[in-house]
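Participant: Go ahead and model the full structure; you've got the sequences and the hints to work with.
The primary structure of each chain is shown beneath.
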Amino acid sequence: MAELEQKTIRPHKGKSLTGYKRQKMIWAIIFLAPWIIGFLMFFMIPFIRSLYFSFYTLEPTPDGIISTYNGFQNYVYAFNQHVTSNSSFRVELINTTLDALINIPVLLIFSLFIAVMLNMKFKGRALVRAIFFIPVILNSAAVSTALGGGDAIAQLLEEQGIGQIFNLEFYLIQTGMMPWLISFIVGLIDRIYTILSLAGVPILLFLASIQTVPKHLYEAAKIEGATGYETFWLITLPNVSPHIITVTVFALVDTFLTSSVSRIISDELGNSNRWGESAAMAWIYVSTIILILLLLVVIAKVFKIGGSHYED
Amino acid sequence: MKTKIVKFVKSLYQNIHDYFKQPKTKLVWKRKSSDIMLKIIRTILLFGLCFVILFPTIQQISMALRAPEDVNNPAVIWIPETWSLMNIKISMVVLDYWRALLNTFKLSFISMSLQIISTALAGYAFSRLRFKGSNILFLGVMITIITPPQALSLAQYLYFRDIGLIGKEISIYLMSGLGMGIRSGIFIYIFRQFFRGLPKELEESAQLDGASVFRTFWNIMLPNARGALVTVGLFAFVWQWNDAYYVAIFDVSTEMFPLLTMQLINAAEGMYQALFYTGGLELIGQNVWENPLFLALISNVSALLMMLPLLIMYLFVQKQFVESIERTGIVG
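Respectively, the protein sequence lines represent chains G and U. Residue numbers for the first sequence follow our numbering, so the first one is 1 and each next one is one higher. Residue numbers for the second sequence follow our numbering, so the first one is 313 and each next one is one higher.
Derived by calculation from the structure, the hints in this document are not laboratory data.
Below, in silico cross-link-like pairs of lysine to aspartate or glutamate (DMTMM-like), each with a Cα-Cα straight-line distance of 25 Å or less:
#1 U:Lys338 with G:Glu230
#2 U:Lys344 with G:Glu224
#3 U:Lys342 with G:Glu219
#4 U:Lys344 with G:Glu219
#5 U:Lys344 with U:Asp330
Facilitator: Next up, the structure:
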């Protein structure tokens, strides 16, 4: 259509569109140039090199790194032999994967719920929204190290039995509740802050996607007399569902990034004799994420989540 | 008389009964009551969660303002008995605060600007200047999003060592400027979704008026993308500010160029040593610094000092940030 208009408006410049197209192409390359250079130099090269490292034993010497090929030895080591003071790579990997599989649906539901609420009209909405994004800002590894106060201090505090003003668990046990319920409640309360800090960006993404739902749909629903509950299931959810995948990918990557697995990999990296093993671990980690993502994509395809039902 | 009253009450009852018997009013009341319920639940829930979010920060502020001697005074929970800025003073000494703050600000600001430029350009190219193969390139963006930095850090370290950029802040700028900074992939994704959402007519009319591609981008698309710019800028700044990972790998934080995050981590891991070497111990008596609670307190106050500038800046951008979500819909 645009092509046609172009020709009718300026018949003497019949070639202007192809000219414009070429211009577009040139500018696309100029715009992408920094990213492509960065991608090749700082991503692809390290990416391939680290894949290469994972099959070698590396030995740093003053003259450079001596590498000897050892096949899948590093991978076998990461899975079967690696241990830390109180855990091992395999255990942590399995734990993190299970945690992610359980936590991500909770996180999705929670953040969608909060996003819907923050989207309603009420007094003080701007303030509440501003407060809800504070965890995104305060979520930092350095701060959590500092708040842990270092392990030594935490241990000292525990020995002396101070530092905990209100012991919820103790209080609940006295009320005579079932033990599993108590541990569930205590665990939930302990996690509220963690969930909130992980939920910041998902809430933001959901909120933004709810904003894009055409307003006339809600108006029509209101005229027809739909309740808020029906509106949510029939209008908000189907329209937001294409973005569920985006949020899931973000949440998945985020959970793994902040997990103990990535801490183990960094620790191993600090030990220069274990570089090969560390690279192997990193690759196991990447492939785990990719596997989970593939699984999610298959599930989404089967249950038809994610396709916008307005497009086709 | 009596019968009159009875009659009146009866008729009143009948009226009310009739009023509620009508199907229409029944519906109205049902809706009204469910509305009120919703409001109550929403208020309680949101208020509670806001409290949970703000609680640690309020606690830290209260800690920062009490005298060091009051650390384990059981009478002090929220409001300090003796107000004092001593804790803040000690934390500032430990962190080398003003220098570290200035450096962190400089690093975050420059890296943010570079990241905005590189990711906005890439995002625009991926959404509006599509050509054959741009989808394959976009797959590359997705890979950068899901690959954890740990998988690359060793190779990246060796690479940067070979070029001789370890220990220099330029390494961070280089990464940001070339679109490989902290979570640049996500920023490219946000910009792409955003530019896609802008009406096609904008571009077409500019094209008809004879604007070049760059001019269309610069004068028409970019001013309309303020929402995405604010969002990405905020995230880029905050994540660079909080970053302790790349900074550690590239060894950017040195004696000459201290950064808040690294100073905080180093201090928190050995608070006593940090106090000893920086001379923070001289500011207080032995009976105080021998108390482990006091060391935890200083860690807390240091963390607060690192976050405080961010919180203050957030207060200023907050309105625009929240509005930007409102107006744009980053997710397209």
